[in-house]
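When you get a sec, could you build the whole thing from the sequences and use the hints?
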Amino acid sequence: MKKYHLYNQLLFLRKVEQNATESSLDSPREINNESTSTNDDITTDNTPRYVPVARKRAMQMDEFEREGLKLLKEPENRHMSFFRAILPSIQEFSDRETLRFQSKVIQIIDEMRYGQTSSYVSGPSTSHQ
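Residue numbers (the working numbering): 2 to 130.
Because the hints were derived from the structure by calculation, they are not lab data.
Please read these numbers as outputs of a predicted model, since none were measured by experiment.
We put the beta carbon where it would ideally sit given N, CA and C, even for glycine.
Incorrect hints may have been included.
Here are the simulated lysine to aspartate or glutamate pairs, DMTMM-like style, with alpha carbons at most 20 angstroms apart [claimed, not checked]:
(1) K74 <-> E64
(2) K74 <-> D63
(3) K105 <-> E93
Each pair of labels, with its calculated beta carbon distance range [claimed, not checked]:
(4) R67 <-> I107: 34 to 40 angstroms
(5) G69 <-> Y5: 39 to 45 angstroms
(6) K74 <-> L12: 49 to 55 angstroms
(7) Q92 <-> Q117: 30 to 36 angstroms
(8) L12 <-> R85: 53 to 59 angstroms
(9) E98 <-> N78: 23 to 29 angstroms
(10) S95 <-> G69: 31 to 37 angstroms
(11) L72 <-> E93: 23 to 29 angstroms
(12) R85 <-> K3: 53 to 59 angstroms
(13) M62 <-> K4: 46 to 52 angstroms
(14) G116 <-> G69: 39 to 45 angstroms
Written as structure tokens, this is what we have:
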């Protein structure tokens with residue numbers, strides 16, 4: 002049978018030895034003997050001092066997580082996706098450019114809906130005579 006190609010590198014996992022240490026704590030038997038001989042009238046409480054508490058963070062969602070879940074549950078609106086895509090370019094516009102952009106968009110919507118050109122002129126007309 003052929004050895005696994007990393008067999009030799011993984012041999013260190015077999016060598017698990019516990020280091021010899023000296024305990025600074027008394028063994029449980031010694032503790033029981035001392036407590037029964039000196040404190041016969043005190044009852045010992047066998048309940049653990051530490052009671053594990055469930056993490057609250059896992060249960061609580063912050064506002065960012067709620068908004069993310071809300072967006073995932075809502076169907077994607079193709080029109081809003083378009084506007085979000087052009088938003089970085091529009092944010093760079095000056096106030097004047099923003100007004101021109103808005104008026105042109107309204108003009109195009111008007112032309113598409115009603116099939117006629119609007120009487121509104123978006124800018125000064127220049128004629129070359």
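Check each numbered hint from earlier against the structure, then list the numbers of those it violates in ascending order. none
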